[in-house]
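A.B. asks: Here's the letter readout for the chains.
2 protein chains.
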Amino acid sequence: MTEKSCLLEPVFDLFGKKWTTLILREIMNGNNHYGKLLKIIPNISSRTLSSRLRMLEENGIVIRNVYDTIPPSVEYNLTKIGQKTRKIFVAMSEWQAEWKKVND
Amino acid sequence: MTEKSCLLEPVFDLFGKKWTTLILREIMNGNNHYGKLLKIIPNISSRTLSSRLRMLEENGIVIRNVYDTIPPSVEYNLTKIGQKTRKIFVAMSEWQAEWKKVND
DNA sequence: CCGGATCCCAGCGGATACTG
DNA sequence: CAGTATCCGCTGGGATCCGG
Numbered sequence: 001m002t003e004k005s006c007l008l009e010p011v012f013d014l015f016g017k018k019w020t021t022l023i024l025r026e027i028m029n030g031n032n033h034y035g036k037l038l039k040i041i042p043n044i045s046s047r048t049l050s051s052r053l054r055m056l057e058e059n060g061i062v063i064r065n066v067y068d069t070i071p072p073s074v075e076y077n078l079t080k081i082g083q084k085t086r087k088i089f090v091a092m093s094e095w096q097a098e099w100k101k102v103n104d
Numbered sequence: 001m002t003e004k005s006c007l008l009e010p011v012f013d014l015f016g017k018k019w020t021t022l023i024l025r026e027i028m029n030g031n032n033h034y035g036k037l038l039k040i041i042p043n044i045s046s047r048t049l050s051s052r053l054r055m056l057e058e059n060g061i062v063i064r065n066v067y068d069t070i071p072p073s074v075e076y077n078l079t080k081i082g083q084k085t086r087k088i089f090v091a092m093s094e095w096q097a098e099w100k101k102v103n104d
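So the sequence lines, in the order shown, correspond to chains A and B. The C-terminal position of the first sequence is numbered 104 in our numbering, with every residue numbered one higher than the one before it. The C-terminal position of the second sequence is numbered 104 in our numbering, with every residue numbered one higher than the one before it.
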């Protein structure tokens, strides 16, 4: 997914990656601490979680807040544009519901 | 993207793969012959095109029609459910437009 | 203990050549 | 024309280790 093969490819570069949508969903649900995400999302490795969160941050979808406490804590929140991804997920969910009916 | 990590993952298993959306778009545009797709889509290999088309067929998104002529010809068309993917692409396009404004 | 960097390997997909 | 076969490089991501 690195080559420019589609206008929508930037979107899939983000959301097409494994775990990304689930992370976003959990942040939307208010689980916005790194450690919480790691516990709540089954089987995700810390490497992958870090990687996805950084990618989302670099793309302006998520904001990273570091609290310099002991123990340290890092919180992630959706930006405005990040919150608008909801519409995409809704469209996908609706399509998937119809697709399952036909396909199974 | 093989493990069940998100309800939407089946959708991303399909559309998150490289080339898939571009192939669908071209079929929507009426370029539905294998050879036409291979020419129109820049840099795609026949191996990958075959693979994607088969995957789309297996998932009921595309129908394969073989015309037993000389030379042989194979045509791909969207199923009903395949056509409904348009809504997802619209939602993504709209989001992407806003995202680009913020991000660049 | 929290957040993340490093190492390493399976699997995706690109290039090329061949078949009915 | 419409694929399949083979080879192989590269990236994603799981296991493991590290700084504070």
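To be clear, the hints were calculated from the coordinates, so they are not data collected in a lab. Glycine included, every Cβ here is placed at the ideal spot set by N, Cα and C. Be aware that a few hints might be false.
Simulated pairs of lysine to aspartate or glutamate, EDC-like, Cα-Cα distance not exceeding 20 Å [what the hints assert, rightly or not]: (1) A:Lys39 x A:Glu26; (2) B:Lys84 x B:Glu57; (3) A:Lys84 x B:Glu57; (4) A:Lys100 x B:Glu94; (5) B:Lys18 x A:Glu26.
Stretches of chain B that chain A covers, calculated by requiring three or more beta carbons in the stretch to come under 8 Å of a beta carbon on chain A [unchecked claim]: (6) 15-27; (7) 80-86.
A.B. asks: Next step is simple, just say for each hint if it's right about the structure.
C.D. replies: Structure-based check of each hint:
The suggested pairing of Lys39 (chain A) with Glu26 (chain A) holds, with an alpha-carbon distance near 11 Å, which does not exceed 20 Å. About 15 Å separates the Cα atoms of Lys84 (chain B) and Glu57 (chain B), which keeps this hinted pair within 20 Å; it holds. For the hint pairing Lys84 (chain A) with Glu57 (chain B), the CA-to-CA distance comes to about 32 Å; that exceeds 20 Å, so the pair is violated. Pair hint Lys100 (chain A) plus Glu94 (chain B) does not hold up; C-alpha atoms about 25 Å apart against a cutoff of 20 Å.
About 26 Å separates the Cα atoms of Lys18 (chain B) and Glu26 (chain A), which puts this hinted pair outside 20 Å; it is violated. Proximity of the region 15-27 of chain B to chain A, defined as three or more residues with a beta carbon under 8 Å from a beta carbon of that chain, is established by the 8 residues found. By the rule of at least three residues with a Cβ nearer than 8 Å to a Cβ of chain A, the coverage given for the region 80-86 of chain B holds, with 4 such residues.
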